Structures are given as structure tokens and as C-alpha cells.
Amino acid sequence: MIDPYKIRSDFPMYHKHGGKFGDKPLIYLDNAATTFKPYAVIKSEEHYYEDITANAHRGDYSLAHEVDVAYEKARKTIADFINARTDEIAFTSGDSMALNQIAFGLGHKLHPGDEILLSEAEHASNILPWFIISQRTGAKIKYLPLSDNHVNLDEVEKAISEKTKIVSLAMVSNVLGYLLPIKEIAQIAHKHHAIMVVDGAQSVPHIKTDVKDLDIDFLAFSGHKMLGPTGIGVMYGKRELLDDLPPLLYGGEMNARFKSDGYISLEEPPLKFEAGTQNIAGALGLEAACEYLNQFSFDEIHAHELKLKRLAIEGLLANGNAEIYNADNDTGIITFNIKNVFSQDAASYLAEKGVFVRTGQHCSKLTPDLIHTDSTIRASFYIYNTVEDVKALVEACKHAEDFLDVFFD
Amino acid sequence: MSFSIKDPMMMREIILDNYQNPRNFEEVEDQRYITIHMDSASCIDDIYVYVLFEDGKVKDCKWSGKGCAISSASTSIMTEMVKGKTEEEAKKMMAEFNKMLANEDYDEELLAEANCFKNVNRQPSRITCANISWRGLEKAMNEEDKKHE
Chain A
1 MIDPYKIRSD FPMYHKHGGK FGDKPLIYLD NAATTFKPYA VIKSEEHYYE
51 DITANAHRGD YSLAHEVDVA YEKARKTIAD FINARTDEIA FTSGDSMALN
101 QIAFGLGHKL HPGDEILLSE AEHASNILPW FIISQRTGAK IKYLPLSDNH
151 VNLDEVEKAI SEKTKIVSLA MVSNVLGYLL PIKEIAQIAH KHHAIMVVDG
201 AQSVPHIKTD VKDLDIDFLA FSGHKMLGPT GIGVMYGKRE LLDDLPPLLY
251 GGEMNARFKS DGYISLEEPP LKFEAGTQNI AGALGLEAAC EYLNQFSFDE
301 IHAHELKLKR LAIEGLLANG NAEIYNADND TGIITFNIKN VFSQDAASYL
351 AEKGVFVRTG QHCSKLTPDL IHTDSTIRAS FYIYNTVEDV KALVEACKHA
401 EDFLDVFFD
Chain B
1001 MSFSIKDPMM MREIILDNYQ NPRNFEEVED QRYITIHMDS ASCIDDIYVY
1051 VLFEDGKVKD CKWSGKGCAI SSASTSIMTE MVKGKTEEEA KKMMAEFNKM
1101 LANEDYDEEL LAEANCFKNV NRQPSRITCA NISWRGLEKA MNEEDKKHE
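Each protein sequence line maps, in turn, to chains A and B.
Heads up, the first sequence is in the numbering used here, so the first residue is 1 and it goes up one at a time.
Heads up, the second sequence is in the numbering used here, so the first residue is 1001 and it goes up one at a time.
Hints were generated in silico from the structure; no laboratory data involved.
Remember, predicted model here, so these are calculated numbers, not experimental data.
Hints should not be assumed to be uniformly reliable.
Residues of chain A clear of chain B, computed beta-carbon distances all greater than 12 Å [stated by the list, open to error]:
| no. | residue |
| --- | --- |
| 1 | N83 |
| 2 | D213 |
| 3 | E253 |
| 4 | L404 |
Derived SDA-like pairs (lysine to any residue); straight-line CA-CA distance at most 25 Å [said to hold, decoys possible]:
| no. | chain 1 | residue 1 | chain 2 | residue 2 |
| --- | --- | --- | --- | --- |
| 5 | B | K1099 | A | D405 |
| 6 | B | K1118 | A | A351 |
| 7 | B | K1006 | A | F408 |
| 8 | B | K1083 | B | L1016 |
| 9 | B | K1006 | A | A124 |
| 10 | B | K1118 | A | D23 |
| 11 | A | K183 | A | D215 |
| 12 | A | K307 | A | F356 |
| 13 | B | K1099 | A | F408 |
| 14 | A | K398 | B | P1124 |
| 15 | B | K1118 | A | F356 |
| 16 | A | K353 | B | R1012 |
| 17 | A | K353 | B | R1122 |
| 18 | A | K76 | A | E253 |
| 19 | A | K398 | B | K1006 |
| 20 | A | K339 | B | F1025 |
| 21 | B | K1099 | A | E352 |
| 22 | A | K24 | B | Q1123 |
| 23 | A | K353 | A | A396 |
| 24 | A | K238 | A | A303 |
| 25 | A | K353 | B | T1128 |
| 26 | A | K24 | B | I1127 |
| 27 | A | K398 | B | S1125 |
| 28 | A | K339 | B | T1128 |
| 29 | B | K1066 | A | E253 |
Positions of the beta carbon are idealized from the N, C-alpha and C atoms, including for glycine.
Work out the full structure: start from the sequences and follow the hints.
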């Protein structure tokens, strides 16, 4: 069982400040945006800067060798975390860069009349790169219909045809938190010889991800949403697809040799995607985050988040002034509004009570059409959130209509 | 009802009233108006400010779109304040309004109803809500200036 009180002692954001931010208890419910880091992650980054600083894959001296070993060990731990092979994961700056690498890398396979299948619940980073690829290649973007925010596999069958070359979907949407049946969708995509790309930004931190079992072709995710550092992420790709994927970035270390006539011989994957000096401290930090998460099972993590979400929904419904858009979803993301209060007004009021949530369209500007509202409040839970956090959220929401109180005595 | 910035209840009412019954709220297609669209990635506000300049004056000012209570009410109040003023007078109001938001000494009398945003800076993230339309007006003035260059 997840014990958030014990877990908090591993996180300086709670432990170092007595559980407070300023003079109020710290109620952080914006984990879908980013998460706190345990001491182990920070120590791991420190270890690189304090004990083993040298560049990776470049030096012939023993110190450089030690960095190489540490960097490739990190790759192994992170690959194991998603059941990939080490030559199938490349480090990126985050989920966005990984998705850009995938989209721009696959562009050469697309022709006018081809189709790229997305959904309207996607984050900007899984839509905008495809817009540009579509403009450059003449391939068309189509959207998978979502009925009540769920994906019906019959609809998937209908939406995918021989024209579909790429299907790119978030396993969990960042606004509504619904879990898509990615394994089944990948099967349908593959039946039609389409490539299955998965945005794992909101799923990898919360749900067991096994790229072999899911049989997906590409996966992108960020370190900072799973207790790791900012500025590090991962692109997974099946080895044969990575061989055929041109790099997004060119520069040092990703080439074996080049000549003045323009000849370039690239490194093998994954190094061919890692141009320039990498975020070595970030890679070691992400390894530490995976190791930290490995002490729990994802069933436990998921059960903890769902318990908190259910409590929050019960409380908000009992308050009577909330409109909830995803009460039946499968993750720890709850998206709602206080009736007759603009989301930002409500969130500012909550912030005044020390409850930190996200408002807006959450970088998913097509989603409002799905839920028929311009903007929402989003609370998202993780392993260190407690029942008291939920109570504070519910209590603060009770009188959110009085949001102007903040400005008057 | 006499106006007093010493009366928090009244200030509150002014914000709510302007939020719920926005003044000069109307989409404008008249080409003589300068239209400024204020939106941003970080905020949900999506506000259009329309300004008609004539003989160095703000002859008319309207707005449309969506925003939070603070940005909507502030925009509504601004349109009322600057209508009929010379550009210089409107700029002076803008300067005083910004001083107020920055917690500096300012001319209370000049700001009239806009004084109700005096405490907005208690939540620093809301300052950009309160001044969104003023920033829009400034852009409109710059565009108007360019016409006469």
C-alpha cells in the first residue's frame, strides 16, 4: 500500500519545509504538469556534478569511462522500466522533443493522400508537429471520434484504412485522464500497416508501460512528470524503425565520420539521435526516479490515485457547486468547474487557500469542443498526495463563488 | 450611490456588476476602429478591444470576448473611463493604473471606479488580468500613431 506520509519524508518540497509553502500547508495538486523530486533524484544529479563530471562517449581517460558506464547504466534502467532494449531508447529533452523527433523523422514516409490519425484530446506536442508534417507532405490529419471521451474500437476500425500511415495518440489524455486501449488500437493500426506512436507523458508515470506487450512502434515521455528532473525525456522506437528514422538534430557524437563533400556516416541508434552533449545529470536523475518508483507496484500507485480521486468527486458532489467532466475516468486526473465561476477566478481563490491546481485548456486547445466548456480546473494526484489534500481541495471549493473576497478585507 | 474606495463592499459590487453586465460590450466590424486581440498561451482570456480615434481623442471604445471576472470587469471599466478622453488623458490614466497595480503612490481620484482593482496585486498572477485591456489600448494607440507617421 502507498503510504504518502512516509513517502513525503523522501521529498524535500515537503520534508525540508515542514509540509508548508509560505505560511500555509502545501497542497500540490498539479502533478499532471510536473511532479516533486525525491532526494534520491537530486543526489543522483549531484553525484554527476560533484564526483564524475566529464563528457560522455568522448574521452579516453578513466573519469570519462566512469561517466560512460553511469550514462549507459541509466539507459538500461530506464529501458527496463518500459521493457525496451537499450538500443531502442534515445534521450531527449522531454516528451515534446521526442514527439518532434518521431514526427519529423517519419515525414519522409508520407505522401499526398496519406492520413495521420490523432484525437481531439491530444496535447499540443502531439498535434502541432503533425500539422507541420501534414503541410510539408500533403498527408491529411484525421481525428478519431471520441464518444463520451471513450474510444470505441469499432470506431477505430472505421477510422483506420490503408491510407492511414501513422496513428499517434496519448495513452492518457492530459485534460480528461481517460485511458485508451492502446494495445487493441495498435493491433488495428498494424493490421493496416500503420505505425503506432504513443504519447506516454501522462501514462508512463502512473500506469505500467510495457512496450513489448503493447506492441507499439514509438513511445515518448518526460522525466519531470515521473519524479525525475526537468530537461530529460525519452523516445522509444522499435529498432528496425529507428534504423530508418533520420535524426532531428545533427552535430557532435551522432556521426561516425563525415567528409567535405557532404558525406555523413551516422552512429547506430540510439546514439544517432543524441547530437551534442547530452543532459547527463538528467539521465542519471531519471534513472534514480525509475528506481524510486520501482519500489512500488503500478497497481498500488494506481489504486492510491483512484482512491483520492473518488474521495474528491464525492466531496465536490456533496458541495453541490461543481460541474465534473470526467468522474468516470480511469486515472487520478479530475477536471471540473465551479458553477458560474470562471476557472481562473476559482483557481486563484483555491491558491489563496494554499490549494494549487491548474486552470485553462491545459495546452489541449481542441478539447473544449469535446466537453463544451472553454476552460477548466484540473487537479491531478500522485503518490505523495494525502486524504488531507483532498479534504483541503473540497473545503476550498465549497465557497469558491466568493472568489472576490481575496481582494477585499 | 456615492462612490468611495474606502468601502470594500461597494468595490466588490462594482467588479461583479461590470463582470455580469459588461459596458460597451459589442463586436465591432466598423473598419474605422482599431481592433486589438489580446490572448496568450498562459491565460484563457481571449479579449478584443476596439478603439475609434478622432482628432486626438478616444471617440469610442468597445470590447468583446471572454475572460475571468478581473479581466472582464477591468476591461468594462476601462472602456467607460477612456471614452471621450484625449489620448494624453487616457495615457495618464493608464500610467496611474499601472502605478496602482505596482503598489506605488498614484492618483486615486483620476482612476475612479478602476480603484476597485487596488488589491489585485495580492495575487501577482492576476495583475496581467487587470491590465489586459489597458495593454490592448496601448497597442491600439501605437497603431494609431503609426498611421500618422
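Quiz item: Can you give the numbers of the hints that this structure goes against, from lowest to highest?
Solution: 4, 9, 19, 24 and 29
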